[in-house]
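Order-wise, the sequence lines are chains A and B.
Position 138 of the first sequence, counting from 1, maps to 138 under our numbering, and the rest follow consecutively.
All you need for our numbering is the position in the second sequence, starting with 1, plus 1000.
Misleading hints may appear alongside valid ones.
[Stated by the list, open to error] Where chain B lies over chain A, by a calculated footprint (3+ residues, C-beta under 8 Å):
1) 34-40
2) 151-162
3) 172-184
4) 306-316
[Stated by the list, open to error] Restraint-style ranges between C-beta atoms, simulated for each label pair:
5) A:E326 / B:S1004: 18 to 28 Å
6) A:L35 / B:L1047: 24 to 34 Å
7) A:L234 / B:I1270: 46 to 56 Å
8) A:Y320 / B:P1133: 28 to 38 Å
9) B:A1175 / A:L93: 26 to 36 Å
10) B:R1013 / A:V79: 56 to 66 Å
11) A:P169 / B:L1022: 28 to 38 Å
Hints listed in this document are in silico derivations from the structure and should not be mistaken for laboratory results.
Think of the CB as a built atom: it goes at the ideal place given N, C-alpha and C, for glycine as much as any other residue.
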Amino acid sequence: MVDVALQSEAAVLSAAASRAKALDRLRLGDRIFRLLTRAAALAVLAILGGVMVSLFIGSVPALREFGFSFLIEQRWNPVTEKFGALAPIYGTLVTSFIAMLIAVPVGLMIAMFLTELCPMWLRRPIGIAIELLAGVPSIIYGIWGLFVFAPFLQETLQPFLISTLGNVPIVSPLFEGPPYGIGVLTASLILAIMVLPFITSISRDVFEAVPPVLKEAAYGVGCTTWEVVRYVVLPYTRVGVIGGVMLGLGRALGETMAVTFVIGNAHKVSASILAPGTTISATIANEFTEAVGALYTSSLIALGLILFFITFVVLAIARYMLLRIERRIG
Amino acid sequence: MAASSLYAGRRRRNIIAMSLSLAATAFGLGWLVLILGVLLWEGFSGLSLQVFTQDTPPPGSAGGLLNPIIGSLMLTGLAVIIGTPIGILAGTYMAEYGRYDRLTSVVRFINDILLSAPSIVVGLFIYEVMVYPMGHFSGYAGSVALAVIVMPVVVRTTEDMLILVPNQLREAAAAIGLPRAFIIGRVCYRAAKAGMITGVLLAVARISGETAPLLFTALNNQFRSWNLDAPMASLPVVIFQFALSPYKDWQKLAWTGALIITFTVLALSIAARALSSRK
Chain A
1 MVDVALQSEA AVLSAAASRA KALDRLRLGD RIFRLLTRAA ALAVLAILGG
51 VMVSLFIGSV PALREFGFSF LIEQRWNPVT EKFGALAPIY GTLVTSFIAM
101 LIAVPVGLMI AMFLTELCPM WLRRPIGIAI ELLAGVPSII YGIWGLFVFA
151 PFLQETLQPF LISTLGNVPI VSPLFEGPPY GIGVLTASLI LAIMVLPFIT
201 SISRDVFEAV PPVLKEAAYG VGCTTWEVVR YVVLPYTRVG VIGGVMLGLG
251 RALGETMAVT FVIGNAHKVS ASILAPGTTI SATIANEFTE AVGALYTSSL
301 IALGLILFFI TFVVLAIARY MLLRIERRIG
Chain B
1001 MAASSLYAGR RRRNIIAMSL SLAATAFGLG WLVLILGVLL WEGFSGLSLQ
1051 VFTQDTPPPG SAGGLLNPII GSLMLTGLAV IIGTPIGILA GTYMAEYGRY
1101 DRLTSVVRFI NDILLSAPSI VVGLFIYEVM VYPMGHFSGY AGSVALAVIV
1151 MPVVVRTTED MLILVPNQLR EAAAAIGLPR AFIIGRVCYR AAKAGMITGV
1201 LLAVARISGE TAPLLFTALN NQFRSWNLDA PMASLPVVIF QFALSPYKDW
1251 QKLAWTGALI ITFTVLALSI AARALSSRK
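All chains should be modelled from the sequences, with the hints used to inform the complete structure.
Given below as structure tokens:
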């Protein structure tokens, strides 16, 4: 009897011990998993930090050689190793600006159509089609732009612009020169087509987030659809729309392949939007593998650093704006 | 009189705005039709079995796209293998362990920026940290560059999907004594599986057309190569090279490659959409 009691006590003890051991193992596994996930989260930060640091280190030789003049000089001469980033920076900003000038109003109009006008059964298919347009890889836009769009522009839109706006006193410098087909205008139009789906889908999302009560109240006092959009929806979603526009701008600024095909890669700042130009990303894509000499490579990396800096600021503003409207809508 | 003309003016303005929005939609969809139409037209005429069975030709002779297709599959596969686990773990931390942490909001912000950062900058980064120290272009470098693009997409969808998992599930699992890691692995991941796979599919769709980060990491290769430690061909880079060449048959192959990529991407995003809408 006593023996049995002792035995069972021992069994209980050893069971308790093995249980404690098993629990310890689980606890250890738990801790390791938690550490792993935390390390992965930190890796995201490390990558962004790594991008900044590596680009900065890579561009030190160029920045030391040229200093501030790198930003304001137009020359780009691999033979004499004199580099300045003005033409690519100018091209990047101008193409993105023209692209946004077209894509923002069109995108907002499509978003308005999708949220206010479109019959219910058609909303999903059109929404999906617009999002598919966003998924088409940029190289497709590039090859299409080079073989189809540029020749088309060369024969139709560009001669038309030259013969009409080219004679209007103030704007005529914008449309000077022969119709090359490829150039700043073509790149801008392709960019506009590319960022259109981004702007559309974000504005549609924020438009849909407007509380129906507000719209119903406006319709109730007799507003037309346009007045509801103009005086209720747009003011309510302004921050979100700006966020979406900035997000599209971030895309346009950094877009590489679509632009590289059709910009013409000329390191020149010209007033005419019909002339060939270049952008930061197109310059890097075209010249990086062929760059000989440390200074040339370093100048291209410095261009990358400038691009990263510009897009970082734009995207940070975009995210901040979108975060604000998310909080408001809740 | 005055009131009725005011009303007429408002109606007119409304009609103008509405027709403009209709026109804008037609304009937007028109591009999709136009681009896909030309792509089908140009791409299909060059599509044949040869494209999938022969390597890229020298200019002037016939050939296919086999070596860039192999390259693209290998680069994409390795990129997913590298990028997905890190992305899922990071997303797990953000949704499960540190949902209300300061670290999580910082990581979310940075991740969103990485999500839309210019991909060519990623290429430069990998060139600096891998290609330059190793002394040569390689498939590994290309894969890592693509993995840097995969990761933010996966982080984002994993976090979003895990947050949607109802807390009652976690509480029930905790109540029967499961440790946290098991709750996440056996309960939350299962509940969020469809959404997480969607994220990976979207990431694959995103990188299968990426050209810029491969230009100076994986570079290109005229020949069939299974060696990830050497320069490697990929469809987008070959399209870039062939489209800008003066040779007609290369340009033709570029169109065919573009068709293959576009349909891969569209199929992946439609699959992802079907998966996420099925609840």
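Okay, the hints, checked on the actual structure:
Residues of the segment 34-40 of chain A with a Cβ under 8 Å from some Cβ of chain B number 6, which satisfies the need for three, so the listed coverage holds. Given as covered by chain B, the segment 151-162 of chain A fails the check, having 0 residues with a CB less than 8 Å from a CB of that chain where 3 are the minimum. Under the rule that three or more residues need a Cβ within less than 8 Å of chain B, the assignment of the segment 172-184 of chain A is violated, with 0 such residues. Remark: the segment 306-316 of chain A is confirmed as covered by chain B, as 6 of its residues place a Cβ nearer than 8 Å to a Cβ of that chain, reaching the required three.
Between A:E326 and B:S1004 the Cβ separation comes to about 44 Å, which falls outside the hinted range of 18 to 28 Å. Evaluation of the 24 to 34 Å hint for A:L35 and B:L1047 yields a failure: the beta carbon distance comes to about 50 Å. Distance hint for A:L234 and B:I1270: a CB-CB separation of about 33 Å, inconsistent with the stated range 46 to 56 Å. Between A:Y320 and B:P1133 the beta carbon distance is about 36 Å. The supplied range of 28 to 38 Å therefore holds.
Taking 26 to 36 Å as the suggested C-beta distance range, the pair B:A1175 and A:L93 does not conform, at roughly 58 Å. A hinted range of 56 to 66 Å for the beta carbons of B:R1013 and A:V79 is consistent with their spacing of about 60 Å. Separated by about 35 Å at the C-beta atoms, A:P169 and B:L1022 satisfy the suggested range of 28 to 38 Å.
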